[in-house]
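**Q** Read off the chains here:
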Amino acid sequence: MVIDKIKKMSEVNKEIEKNQEASDMLIGKWIKCENCKEILYKEEVHKNLSVCPNCGKHFRISSRRRIAQLVDEGTFEEINADMGLKDPLQFEGYEKKLETLVEKTQIKEAVKTGIGKLNGQEAVLAVMDGNFMMGSMGQIVGEKITLAIEEAILRKLPIILVCVSGGARMQEGIISLMQMAKTTGALMKLNEQGLLSICVLTDPTTGGVTASFASLGDIIIAEPNALIGFAGPRVIEQTVKQKLPEGFQRAEFLLEHGFIDKIVQRKDMKKVLSKLIKFHNQKGSE
Amino acid sequence: MKKQMTAWQRVTMARDAKRPKALDYIKNIFDDFIELHGDRCYGDDKSFVCGIAYLEKMPVTIIAEQKGKTTKENMQRNFGMPNPEGYRKAVRLMKQAEKFNRPVITFIDTPGAYPGMGAEERGQGEAIARSMFEMSKLKVPIIAVVIGEGSSGGALAICVADKILMLENAIYSILSPEGFASILYKDSSKCQEVADKMKLTSYDLQNFGIIDELIKEPKVGIENDFESVTAKIKTILVKQIQDIQKLTTSEMLEKRYEKYRNM
Ligand SMILES: [Zn+2]
Numbered sequence: 000m001v002i003d004k005i006k007k008m009s010e011v012n013k014e015i016e017k018n019q020e021a022s023d024m025l026i027g028k029w030i031k032c033e034n035c036k037e038i039l040y041k042e043e044v045h046k047n048l049s050v051c052p053n054c055g056k057h058f059r060i061s062s063r064r065r066i067a068q069l070v071d072e073g074t075f076e077e078i079n080a081d082m083g084l085k086d087p088l089q090f091e092g093y094e095k096k097l098e099t100l101v102e103k104t105q106i107k108e109a110v111k112t113g114i115g116k117l118n119g120q121e122a123v124l125a126v127m128d129g130n131f132m133m134g135s136m137g138q139i140v141g142e143k144i145t146l147a148i149e150e151a152i153l154r155k156l157p158i159i160l161v162c163v164s165g166g167a168r169m170q171e172g173i174i175s176l177m178q179m180a181k182t183t184g185a186l187m188k189l190n191e192q193g194l195l196s197i198c199v200l201t202d203p204t205t206g207g208v209t210a211s212f213a214s215l216g217d218i219i220i221a222e223p224n225a226l227i228g229f230a231g232p233r234v235i236e237q238t239v240k241q242k243l244p245e246g247f248q249r250a251e252f253l254l255e256h257g258f259i260d261k262i263v264q265r266k267d268m269k270k271v272l273s274k275l276i277k278f279h280n281q282k283g284s285e
Numbered sequence: 000m001k002k003q004m005t006a007w008q009r010v011t012m013a014r015d016a017k018r019p020k021a022l023d024y025i026k027n028i029f030d031d032f033i034e035l036h037g038d039r040c041y042g043d044d045k046s047f048v049c050g051i052a053y054l055e056k057m058p059v060t061i062i063a064e065q066k067g068k069t070t071k072e073n074m075q076r077n078f079g080m081p082n083p084e085g086y087r088k089a090v091r092l093m094k095q096a097e098k099f100n101r102p103v104i105t106f107i108d109t110p111g112a113y114p115g116m117g118a119e120e121r122g123q124g125e126a127i128a129r130s131m132f133e134m135s136k137l138k139v140p141i142i143a144v145v146i147g148e149g150s151s152g153g154a155l156a157i158c159v160a161d162k163i164l165m166l167e168n169a170i171y172s173i174l175s176p177e178g179f180a181s182i183l184y185k186d187s188s189k190c191q192e193v194a195d196k197m198k199l200t201s202y203d204l205q206n207f208g209i210i211d212e213l214i215k216e217p218k219v220g221i222e223n224d225f226e227s228v229t230a231k232i233k234t235i236l237v238k239q240i241q242d243i244q245k246l247t248t249s250e251m252l253e254k255r256y257e258k259y260r261n262m
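So the sequences go chain by chain: U and W. Sequential numbering of the first sequence, starting at 0, is according to numbering that gives the first Met the number 0. Sequential numbering of the second sequence, starting at 0, is according to numbering that gives the first Met the number 0.
Do not rely on the hints blindly, as some may be mistaken.
[Stated by the list, open to error] Quick look at which bits of chain U chain W covers, simulated, 3 or more residues with Cβ under 8 Å:
1. 42-54
2. 61-68
3. 169-182
4. 236-245
Please keep in mind that the hints were generated in silico from the structure rather than gathered at the bench. All C-beta atoms in this analysis are idealised placements derived from N, C-alpha and C, irrespective of residue type, glycine included.
I would like the entire structure built from these sequences, with the hints used as guidance.
**A** In structure tokens form, the structure reads like this:
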């Protein structure tokens with residue numbers, strides 16, 4: 000039993016590495032779409048919102064690009080930008096790893112938060128970034144998301160949580176786990192104030208993020224074909240000892256099973272989000 | 000002497016089949032336990048035992064993760080790994096407790112939420128999230144007791160509480176040491192060494208300020224002097240509930256929020 004679990008976890012890891020390699024390919028001038036195998040000119044792909052012009056595959060994107068795609072130019076005001084580098088367990092090698100990543104990615108942690116306007120509609124945004132430790136949730140990620148939710152409560156604004164995460168941040172142990180309860184509690188507070196929360200689930204959203212704020216929005220949207228689940232596909236395959244069917248745990252599968260409201264293409268995301276905010280635009284309910 | 004035990008030794012003890020399970024605690028601490036079944040959506044998850052009972056003379060709701068002691072019982076109880084129905088049953092009965100103003104006591108003992116196909120189809124992540132969400136505003140006192148293996152989101156799902164008690168040789172962690180070792184070191188056999196680095200013992204959790212009471216276990220082994228442990232737990236539960244009941248509901252909820260807010 001336990002041995003099975005171990006095997007499962009190492010498989011998940013391999014999968015994560017593979018995905019990192021795929022996104023690393025974006026660094027060169029040309030990229031190969033892993034879906035349709037077409038060789039694409041990078042700049043053209045990014046002009047197309049990082050969606051394959053040939054097959055429509057939604058590539059993973061940084062928080063910086065995501066914000067640029069969603070927020071009206073010049074309106075994004077980042078909050079808590081400098082928070083980073085927490086090593087609650089004094090876990091060997093972790094601090095060094097973080098420092099290296101900060102240098103490499105030019106971001107301080109796996110989420111960017113701030114206030115901005117979407118087609119003129121104001122909202123607080125928390126946008127996760129898969130380039131930083133696979134978007135895993137440690138203390139800083141949990142804290143920044145909680146602070147963003149509290150900012151939304153303070154300003155009586157909706158919150159948009161754009162999720163991409165491999166789950167919990169292992170190196171922060173139990174403290175990482177506690178971030179699930181912390182962010183969930185904050186979302187409950189926002190909920191009690193009659194404020195709107197929208198989750199946007201992108202590829203991949205798994206583990207502790209799925210099992211907390213990502214599943215609790217008033218409205219949950221996903222990008223096409225995004226992998227969304229609690230346990231990773233390899234973990235499940237090892238447990239049930241069979242291959243998962245095509246499309247298992249993909250956005251379309253979740254829609255069919257009733258766990259998300261809508262699948263929205265990247266090109267329509269800003270329009271849909273701004274419309275949804277407008278529908279609820281009465282600044283709280285007290 | 001106990002403090003010199005390695006983390007791995009405690010992992011082994013926490014998982015020991017001989018170690019008392021939730022139903023043993025329920026039997027010793029409470030009177031007139033009546034089990035209540037089902038989530039009213041899909042099924043009855045047997046890795047959860049829930050119901051109502053008296054603590055001293057006070058009606059309470061009990062939400063417990065139940066492992067088996069034998070292979071047969073473990074098969075029935077899915078080795079204590081809940082499906083979404085388990086968390087939904089828990090939420091249903093917590094809301095019922097709120098309606099009838101009964102304190103809620105949870106017992107945590109799970110290797111984690113079940114990573115199966117059906118569990119994913121029926122929204123394992125949502126079920127866990129929803130349980131924490133509801134607990135964070137439940138208007139009755141909640142006390143959680145970590146009695147064995149408190150592993151990952153499957154444990155935390157019923158561990159959003161006003162007070163958390165933890166048995167000395169229980170563990171509470173982000174993942175099993177095996178899973179942890181295989182993710183970070185690509186080698187699950189390193190689980191013994193990593194157990195220590197994970198800081199998953201009751202003493203670690205006390206240092207982090209995550210648990211409120213560490214309950215010492217008898218030197219002869221918990222299963223050999225179980226009554227002394229359950230008597231202690233009973234006294235603490237009564238005292239804690241009385242203390243929480245002195246607060247107004249909004250004070251209680253604010254304190255509960257702050258507890259996790261500060262982590
Ligand atoms: Zn393509």
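**Q** Are the hints correct? Go through all of them and say.
**A** Verification of the hints:
no.: 1; hint: 42-54; in the structure: violated (count 0)
no.: 2; hint: 61-68; in the structure: violated (count 0)
no.: 3; hint: 169-182; in the structure: holds (count 13)
no.: 4; hint: 236-245; in the structure: holds (count 3)
Consistency with the previously given hints fails for numbers 1 and 2, ordered from lowest to highest.
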